[in-house]
Amino acid sequence: SEARVRGLLSAAPQLAREQRLPLLEIAIPELKRRPPDHVNKVLATVKALSEADGQTDVFEYLMAKIIAQHLWESVNPQRVRLSGKKSLSQVIEKARQVVAVLALQGNRDKAGAESAYRAGSTILNTGDSSPMPEIPDWKETLDANLSALDQLKPSDKETLVKALVATVMADEKIAVTEMELLRVVCLVIHVPLPMIGVAQS
Numbered sequence: 082s083e084a085r086v087r088g089l090l091s092a093a094p095q096l097a098r099e100q101r102l103p104l105l106e107i108a109i110p111e112l113k114r115r116p117p118d119h120v121n122k123v124l125a126t127v128k129a130l131s132e133a134d135g136q137t138d139v140f141e142y143l144m145a146k147i148i149a150q151h152l153w154e155s156v157n158p159q160r161v162r163l164s165g166k167k168s169l170s171q172v173i174e175k176a177r178q179v180v181a182v183l184a185l186q187g188n189r190d191k192a193g194a195e196s197a198y199r200a201g202s203t204i205l206n207t208g209d210s211s212p213m214p215e216i217p218d219w220k221e222t223l224d225a226n227l228s229a230l231d232q233l234k235p236s237d238k239e240t241l242v243k244a245l246v247a248t249v250m251a252d253e254k255i256a257v258t259e260m261e262l263l264r265v266v267c268l269v270i271h272v273p274l275p276m277i278g279v280a281q282s
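For the sequence shown, the residue numbers in this note's numbering are 82 to 282.
Do not rely on the hints blindly, as some may be mistaken.
[Said to hold, decoys possible] Simulated pairs of lysine-lysine, DSS-like, Cα-Cα distance not exceeding 25 angstroms:
{"id": "1", "residue 1": "K254", "residue 2": "K166"}
{"id": "2", "residue 1": "K166", "residue 2": "K146"}
{"id": "3", "residue 1": "K254", "residue 2": "K220"}
{"id": "4", "residue 1": "K254", "residue 2": "K243"}
{"id": "5", "residue 1": "K220", "residue 2": "K128"}
{"id": "6", "residue 1": "K175", "residue 2": "K191"}
Just so you know, these hints were derived from the structure itself, not from any lab. From a predicted model like this one, the values you see are computed outputs, not experimental measurements.
Using the sequences and the hints, build the whole thing.
Encoded structure:
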């Protein structure tokens, strides 16, 4: 209820950024127990909040993705596939673009982003030295590419996740934004979020 939400806000009005993802992870099991119409209302609320200021940050995008995917899978369980049969070579450009999103979002300067991208693309074994793809809109890039990457066979999903981890670990620090993006990708391609033992920034 609105009164309950206001009570929670008054109890913890300034939630630290690094606390948001763990809190969301705690809430997911409860969300999965709710009926579809309730989840749909939550999704509509999240979308309204994310669009209120005309911008969508990574955490808002993550929340919307988690809720939308749960809603769809709860209504269409027979259509859920945890892996596919595609090889990484078939969707390599899509993988490179997702690696580029993490590299750009996790680094403030171009040199840092390029270094992070190289760390990830090396794991992909692209065999070329093509420049980092241009990413005009990170949300559109993820929306356009993640569904295809979900069709990868399990071993190639593992390679992709290793590439993403190498990207975010390139500077031996993990920003909150990077963890949130990594969580989005792992969610959509149906793989566990890997444990990463480096300092967060």
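Hint numbers not upheld by this structure, sorted from lowest to highest: 1
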